[in-house]
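S.K.: Each chain, written out:
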Amino acid sequence: MKIALHTGAKFAAMCLALIAVVFTVELWQMVFWIVLCFLLAYLAGVFGDLIKRLLPFIYIVLLMLLIHSLVNPQNLTYWWYFGLEGLEYATRIGMRLIGIVLLANLMLLTTSSHELINYIGRLHPDLGIIFGLMLSGLPVMRNQMQTTLDVQAARGLDYHDRLLGRIAAYIAVIVPVIIQSINRAYYMAQLLYLRGYTGQRKVLEERWNGLDWLLFFSSSLLLSIAIYWRFAHC
Amino acid sequence: MKKTFILTLIPVAIVINIVGGMLAGALKLPIFLDSIGTMLSAVLLGPWLGALTGLLSNVFQGLLTDPVSIPFGLVNAVIGIVVGFLAKSRGFTDYVTPLLAGLILAILAPIIGAPIAVYLFGGVTGGGIDILYAMFMHQDMGIFTSAFLARIPANLLDKLLSAYLIMFIVRKLPPTMQGYGVKLS
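Residue numbers (our numbering), protein chains in the order written: chain D, 1 to 234; chain V, 1 to 185.
With the rest of the complex left out, here is chain V (with noise of 0.2 Å):
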């Protein structure tokens, strides 16, 4: 039962991935939000498999619509693993928790996505933070760091946002379903 869940799990968390991502190109937001069911997956069936999780829906949805997204989930992997074991110390249902979360990887997404962005693109994503972009590289900061900076402030809000909505679904949830989410006493 335990590896069937696993196994139907991380396709629903791939799922959440795109539709969420979806949802906020729908809405017009300025965030991607398109990590919510790697941070869901990670909480409940821990780092490694929230790291998979990760992985495979950049793999996967990149075989299906756009393979340039591939490299990323190595970005998407670090998030399942960061949250994964930020729930097998503390648990997943009080605050602070995922107010680490959302600091930690507000400066570890950009640190591995801004090269992978740089070697690709040129860091830019042709959305509005091309413009923070420009102009840090115009105060003469140098590409990497520019790209590094400019992808901040939306990170930030992103994995914040994620964070505590799965703190709250997560709280919700009955016991047996909660995996790794609440903390061993």
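Next up, chain D with everything else stripped away, as it sits in the complex (with noise of 0.2 Å):
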């Protein structure tokens, strides 16, 4: 059975959800936010993609289970080098973090860009024409630096050498492409001048259906019970 939502109710789920994820201090409600996000990823089909993109995020938890654990300065108590107080702080920030990453990345990964241009213009139909705009410009100026920085590597210039030389590698490289860019958005602001673009369109409404109601409504049923949580326990 393929199941259809519209991006608006998932948007707004994973807000609230988020927002609950803030709120949650326990150690064990962590876990359940962290298997839950695993299943409903796993049940969308993203699980492979939801694990890169958090595999950078393990190695940031990692860093800072040792930074904190060594050097954080509440450590009273030790065991062997390792400070018990560091380590809890870190595993808190940590478990938040990645339940935060999963969540998100959740929602992205489940929702096409052609979706996403979609809800932002009809959020506000400048914001569409920007994010459309962005995602058109962004890979014809990723090739215009590649192609300005080999052209500058074939007139002598070297960026394997120490920090001084870097930077000023960076500097003949970027100088053009932001000359470039400026130009690029003068043209192209005279062609939607030309053609007529007032920013008027017709807004569709976005209609959710029951399944879209009831993960909105149990999204807020987690919020709640977070909130409760928080402040009826501690």
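FYI, nobody ran anything at the bench for these hints, they're computed from the structure.
Hints are not guaranteed to be accurate.
[Unchecked claim] When the alpha-carbon atoms are kept at most 25 Å apart in a straight line, the in silico DMTMM-like pairs for lysine to aspartate or glutamate are as follows:
(1) V:Lys28 with D:Asp150
(2) D:Lys52 with D:Glu115
(3) V:Lys2 with D:Asp126
(4) V:Lys172 with V:Asp94
(5) V:Lys3 with D:Asp126
(6) V:Lys28 with D:Asp158
(7) V:Lys28 with V:Asp130
(8) V:Lys28 with V:Asp66
(9) V:Lys183 with V:Asp66
(10) D:Lys52 with V:Asp66
(11) V:Lys28 with D:Asp126
Being a predicted model, the structure only gives us computed values, none of them experimental.
If you follow the hints, you should be able to join the two separate chains into one complex; please do so.
M.R.: If you want it as structure tokens, here you go:
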């Protein structure tokens, strides 16, 4: 069975769930969030991609555990070299970070960029134009940067050298790229003007179905449980 | 024409932010340099549109690749506001204004960025700053203070370089495109 959720409903549910994660303090609740995210990702078929997006943050969390257990100023009790207070602090922040990363990426991985542009354009037509132009401009400018880097290297720019040389190389590459992008903005503005763009567009309503409302209410329920737990039990 | 130029300069400035950060990564520089586009937009379009550029830059980048960078849009927005107001009151073509902008932002950006980084990442970035951060914490400085102090040197270099880069570019632009870059007398 294919389940189709609207972008607006997913976005609202994600915001509610993020607030709930921010209010969560107890460790077993954070484990619950992480398990829930993995379960939903498995059901949506994006489990592998989610893991791939999570890996850099696992590295940061491990580094955080190391630094805080070694030098956190609140450390009082030590096991060997590792302070237990800092370790607990880092575990808490690390679990929250993983929860936030999982939730946000779960929403983004199940939404195509086409749906995203449509949704942003529905919020405000100009925002949609800005997002669309950025998406179309990004590969062009990236190629431009690579070309400029190669051209300057052919002219004798050495960017494997010491720090000052690399900063000079940065300036030699970024200045032509910036000038070209300002020209590009100017030409695109003239084109938009000549075609009579005024920023007015027919706004399409998003009609939520039963499933959207179910998602919305279940995430609101989770948020209220999290807030209740935070203020009634701590 | 003014409105369409705003609409096309903002995405281009966002792309400059992204490409600048990417190039700094490709050249293995120890600084981010991902606010050049925000400064350009703030000088050409004014403080509030500059702030919008900074905010949207992080939000859109977050929607595409890394959602955790969205809260740092606040820092980027403040960069836009500061540079925009400086350009509005002093112009952005002399040698003093970029220095002012760099010094103000080297303090202001970590003041806003460090609490976000501490809340989300425990102050750890996964880069060379972490050694400095651990050293400050080892001196019993407190988490926020060490996260703030560890970010100042890199930010100073980053913001000064970006501001002077934008100053030299704005000088060479034709007068009709300079926006707030020249002081109206």
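S.K.: Evaluate each hint against the coordinates.
M.R.: Hint check:
1. V:Lys28 with D:Asp150: 16 Å, holds
2. D:Lys52 with D:Glu115: OK: Lys52 of chain D and Glu115 of chain D at ~22 Å, within 25 Å.
3. V:Lys2 with D:Asp126: 14 Å, holds
4. V:Lys172 with V:Asp94: 12 Å, holds
5. V:Lys3 with D:Asp126: Within the cut-off at roughly 10 Å; holds.
6. V:Lys28 with D:Asp158: Holds - the C-alpha atoms of Asp158 of chain D and Lys28 of chain V are around 13 Å apart, at most 25 Å.
7. V:Lys28 with V:Asp130: Holds, because 16 Å separates the two Cα atoms, which is no more than 25 Å.
8. V:Lys28 with V:Asp66: 20 Å, holds
9. V:Lys183 with V:Asp66: Violated. Lys183 of chain V to Asp66 of chain V sits at ~39 Å, over the 25 Å cutoff.
10. D:Lys52 with V:Asp66: 12 Å, holds
11. V:Lys28 with D:Asp126: It is violated: about 36 Å lies between the C-alpha atoms, which goes past 25 Å.
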